[in-house]
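Chemist: Residue numbers (the numbering used here), protein chains in the order written: chain A, 1 to 341; chain B, 1 to 124.
Mixed in with the good hints there might be a few duds.
[What the hints assert, rightly or not] Distance windows between CB atoms, simulated:
no. : chain 1 : residue 1 : chain 2 : residue 2 : range
1   : B       : Val59     : A       : Gly210    : 52 to 62 Å
2   : B       : Asp41     : A       : Thr101    : 34 to 44 Å
3   : A       : Thr338    : B       : Arg3      : 28 to 38 Å
4   : A       : Ala95     : B       : Asp41     : 14 to 24 Å
5   : A       : Ala18     : B       : Thr60     : 25 to 35 Å
6   : A       : Asp48     : B       : Arg3      : 46 to 56 Å
7   : B       : Ala42     : A       : Arg241    : 49 to 59 Å
8   : B       : Ala42     : A       : Ala278    : 28 to 38 Å
9   : A       : Lys226    : B       : Val59     : 37 to 47 Å
10  : B       : Val33     : A       : Pro284    : 46 to 56 Å
[As the list claims (entries may be wrong)] Chain A side only, calculated, beta carbon under 7 Å to chain B, not exhaustive:
no. : residue
11  : Ala45
12  : Pro106
13  : Ala180
14  : Ala181
15  : Ile182
16  : Ile280
17  : Ala335
No lab work stands behind these hints: they were computed from the structure. Just so it is clear, the structure is predicted and the values come from calculations on it, not from any experiment. Virtual Cβ for every residue (Gly too), placed ideally from N, Cα, C.
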Amino acid sequence: MAYLNVLANARVQTKIEAVRGTAETVMTRNLELLQSGFSWTYDQARSDEPEMLGSFSVDRDTVLLERSCTFSFEARLAFEMVPWWMSLALKGGTAVRTGTTTASTPPGYTYTITPDDTVDNLDTFTMKAGDGAVAYQFRRCVITSTTIRASFGPGGEATWRIAVEGRAIFVNTTTFDSPAAIARTMIRSKAGNLVFLDTASAIGTTQLTGKARSFSLTIDNAIEDKYFAETGLDAGADFGRGAQRITGEVVLEALNDNEFALMRANTATKLRFQNTGANIGATPTTDYLQQLDVPQAKLNSPAMGYAGNNRIYTFPFIGEKPLAAQAITSKTVTATATVVA
Amino acid sequence: MTRRRPTKLTWTGDTLPDGRPAAHLGDYGIPPVTIEGEALDALSVQQIAIARDSGLYRVTEAPEPKAAKPAKPDKAPKATPKNTKVRDDAPKSTYFPDVTDTPDEAPNGALVTDTPVEPDEKGG
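Next comes chain A alone, as it looks inside the complex:
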């Protein structure tokens, strides 16, 4: 009999939960993660304090403590997947996964996602993960941190990437479902990218020309499991959500002192990372689009180095919350009206 516990058979199926922590039965999508881009842990310690048993043996009647699971994903990023990921990382709900028509012909659909900073409405999902030999089910999978990155230089990654870390509640062994594959349009790292940095002007006005080499942006929600008397071994269906922090890094060619001067003066900047893809429709012209906006970014002190022959600045930045606005907005345009949960 063939061995089924092979990497080629590995898969992860998911569905966003209608009720946080209540496992969904039938999964609706395969997550097309990188083959080396999925791992999970099952953490359950054993209490084994040595006891005085009157012999050199000290362990008897040891007991297991509470258990928790963590997981990590890495995937190539497609326009169609961004609203799905963002409903887990920024703001949940069906409305987030429903696009607004651009009224072009054929139509495109816009998904604009801005977090609520006073409401904990992050979505959670149920996951079935395993291979041809055994599969396990998890519920209340919640994403603690999400990093989106792109490298515009030669070689390396051809698409934007997303890396995710999360926490889950273990359910049991399970069997896989047969969800439909969902069309993906990749966000390319080597075509259609623009990085904007504005100070006084509106976001998306001033392009960093001949400067931007790569960027990464991290959304951290500082999720924490909670255990109660009635929950027993596993964490409660809800979780403790911490403060959301937006941080990132942008690598710029050191052509002049402009950005370093902004950092030294503690000037608020407006950062936009943008990719425009293929055309969807006309009147108005509608293209595949991804914009990640940080409307009040503060650059931190740069690390100076070389990339090949050229000197570069690697600027870490933090996304502050502007007055009467949010620290981050994601805008996506695709050709599909809704995103499957």
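Fit chain B to the supplied structure of chain A, relying on the hints for placement.
Modeler: Coordinates of chain B only, in the frame set by chain A:
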């Protein structure tokens, strides 16, 4: 009951402006087109089940074959008695059984009955 094989799977999935299906079952060997005839015969039972559940196809089935009419059965007397009402004095729960009818027990374990036992004439 086993479901019969469909006669046609009509593709109803959305198609993107660039011609790609928005969702498809290509990973399971099921093409995103209307399937009938030999192509349909070539699909396994499992593939058809996946197609049914996906919502991406409209399933057409052959009409039910007309079953022969069963002969009218003779009128049989009703087996169920007309009055099936539960008596009011029936015990309501088995958890607390009605113990009033059980015979009393003497301290020595013998049963106490209402009928006096005649003394053995020979005994004394």
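Chemist: Take the hints in turn and mark each one as holding or not.
Modeler: Against the structure, the hints:
no.: 1; hint: Val59/B with Gly210/A: 52 to 62 Å; in the structure: 57 Å, holds
no.: 2; hint: Asp41/B with Thr101/A: 34 to 44 Å; in the structure: 41 Å, holds
no.: 3; hint: Thr338/A with Arg3/B: 28 to 38 Å; in the structure: 29 Å, holds
no.: 4; hint: Ala95/A with Asp41/B: 14 to 24 Å; in the structure: 44 Å, violated
no.: 5; hint: Ala18/A with Thr60/B: 25 to 35 Å; in the structure: 32 Å, holds
no.: 6; hint: Asp48/A with Arg3/B: 46 to 56 Å; in the structure: 54 Å, holds
no.: 7; hint: Ala42/B with Arg241/A: 49 to 59 Å; in the structure: 51 Å, holds
no.: 8; hint: Ala42/B with Ala278/A: 28 to 38 Å; in the structure: 34 Å, holds
no.: 9; hint: Lys226/A with Val59/B: 37 to 47 Å; in the structure: 46 Å, holds
no.: 10; hint: Val33/B with Pro284/A: 46 to 56 Å; in the structure: 32 Å, violated
no.: 11; hint: Ala45; in the structure: 39 Å, violated
no.: 12; hint: Pro106; in the structure: 4 Å, holds
no.: 13; hint: Ala180; in the structure: 4 Å, holds
no.: 14; hint: Ala181; in the structure: 5 Å, holds
no.: 15; hint: Ile182; in the structure: 5 Å, holds
no.: 16; hint: Ile280; in the structure: 6 Å, holds
no.: 17; hint: Ala335; in the structure: 5 Å, holds
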